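Colleague: Next come the chains, spelled out residue by residue.
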Amino acid sequence: MNRNNLILYIGILIFGIAAPFIFPAFKVQLSILCVLIVLATTWNIQGGEMGYNSFGNILFYGLGMYLCASVQVGMFFPLAEWTESGGEKTFVHTPAQFFQGMAVGLIVAAVVPTIVAGLIGYSILGLRGHYFAICTLGLGVAAGEISGGIEIIGAGQGFTTPPFPNVGSLDSRGEFFYFLSFFVLVLTFIAVRGIYSTRFKLILNAIRDNEDKAEAMGIETMKYKIVGWMISAFFCGLAGGIMGGLVGYIDSTDVAFDGREMGVFMVLMAILGGKGTLWGPIIGATVFHIFKEGFWTFFLGWQYVALGVLIVVIVIYFPEGIMGWLREKYPERFGEVVDEKDRKAQVELK
Amino acid sequence: MDFMVFQYPMISVQACLDGILLGILFALIAYGMALQWGVMNIINIAQGDLVILGGYIAYFMYLYGIHPAWGVIVSPIIMFFVGIAIYKLVINKVVDRDLFISILATFGISILFMQLMNFAFGADVVLANSDYGTTMLFNNNVVLPNSKIFSAFISILFAICLVIYMKKSKLGRAIRATAQNARAAKILGVDTEKVYAATFGINAALCGVAGALISITFTIHPYMGLPYTIRSFMIVIVAGLGNLPGVAMSGMGLGVFEEFADYILGTEFRIGSVFLLLVLILVYRRFKLSRKREYLK
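As you go down the protein sequences, you meet chains A and B in turn.
Residue 307 in numbering that gives the first Met the number 0 sits at position 308 of the first sequence, with consecutive numbering throughout.
Residue 47 in numbering that gives the first Met the number 0 sits at position 48 of the second sequence, with consecutive numbering throughout.
Since the hints were derived computationally from the structure, they do not count as laboratory data.
Accuracy of the hints is not assured; some may be wrong.
Short derived list, chain B residues pointing at chain A, Cβ under 8 angstroms [unchecked claim]:
1) I102
2) Q114
3) L187
4) F268
5) F274
6) L281
Please read all numbers here as calculations on a predicted model, not as lab measurements.
All C-beta atoms, glycine included, are put in the ideal place defined by N, C-alpha and C.
One chain only, chain A, in its complex shape:
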């Protein structure tokens, strides 16, 4: 890590910690942005680096969301009665219970999806290309439909997560969730950056470029694919758990297993920023979130139309994303040596 990078990271860290105090009105939006960055970055591990384009990471996100909320309630009160009472709360968490439940819930929300990813990984990751994409799409939708039929977690009417207890000032809820999501974001960034500097990333890239050849070179591709997916699942589950508490209400198809929104968003953000780069998904998520909030506020009702058009435009015209575009424009900054003669010859050919 050179000096410039260190200054950059410290600058971002300070900005991140100061952000809720600079923009107090946007605390919730900033927390959602953190969650979105986590989702895009972890989608990128298997979508961008490994070449396994999944629509199904929403499965882990939704699973984490339901698990975190269920554990938080179930640790202290009977879960069935809680969901049955719906909006009218007969049970109230004390602050200690709330935070205790949240901590345990987040651990469960991270660990269980990881285990699930490991268990289904061997069967699902054997699929290639578009079969994998459609299969994971099916998994996400099936999870949504099935969880919508299970009574104990609210079925069709939804599940209200425990409300934030009365501690500190009125702003403390926003601050708590912001710092929680920012902490997870920092954790994700450190983990992903660490992964990307090891041999593991090179193996993932080898799988993306030519899986059969990688296997022929003696790499146990299946093992690495499963581990890659498990890392994604871990952070997706955490992000889901936080998002459940932040939104305050879980619905099976509209919030948790929302393949139409969140499931596509993570793919879109990673592609917009640039697949297979460290900073791409982060930039993509930030740009996307700002753009989306603009649309969602000013074009209320037309947001899905805008989303559909946006997907088509991004996919057709910017498949390389922002980072890919920058890389083409300033290859020197990315450490690529450009042979001027070669470049000119290519321009003339065009």
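Please arrange chain B on chain A, whose structure you already have, making use of the hints.
Modeller: Chain B only, in chain A's frame:
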């Protein structure tokens, strides 16, 4: 859970007949998907939304007092041009690209269509009533709406017409040639761009027919598209590309599976069971293929 199916055999008969009639419709949609997959190497996630759009055309004819069965003729004509418009705007830019790009682009189209239909037609579940009455079978134990029989009959008719068209006509030959080898077809003077546009148009027209039939027999709703896409995808991977009897058989099988899932698990799990079946079939296929690879080793 409801085990009525096993106690009363007539319910099984009912489910089987319903499923078969339903499955013929699925097979028609799947045939369109197999066509574009084979020719253009594209998986169209918006397939189901084209079906629903076709259904709304028939529904609107019904609202204006025309018998919805005429939708079977009007809807494919309109949908053909809708399909060509989609091809010209989006699909021709993704044809020779990565398959994932086409999946994502058509996913975008699907979301767009879903929402536009929601604006235009409202979020209510609607059906076009055909007044065809019902047929009673087996001592009045099995009830079959005539509209279902009608829709299965029309589906088979359209499928046969299309097969003959593909075999005999010049365009059909060009489409088959492009499917076999696009480059060679181009060298031999086939305008592949035109063939692609026509293929997508024909696929959309098939969706239009199926949609019109679905609006008569079942119900339509702007958000119901994705399950139809998944069903047709499933049928195609089970049957393989260009295997029409296989498509028909697996379509009927899927229909019967769905009816039984509906009876045994309950209606709320119907769509979920379809998606789970997709996952199971893909996983089964993966293990079968990997065993084949091991033989080669």
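Colleague: List, from low to high, the hint numbers that the structure doesn't satisfy.
Modeller: 3
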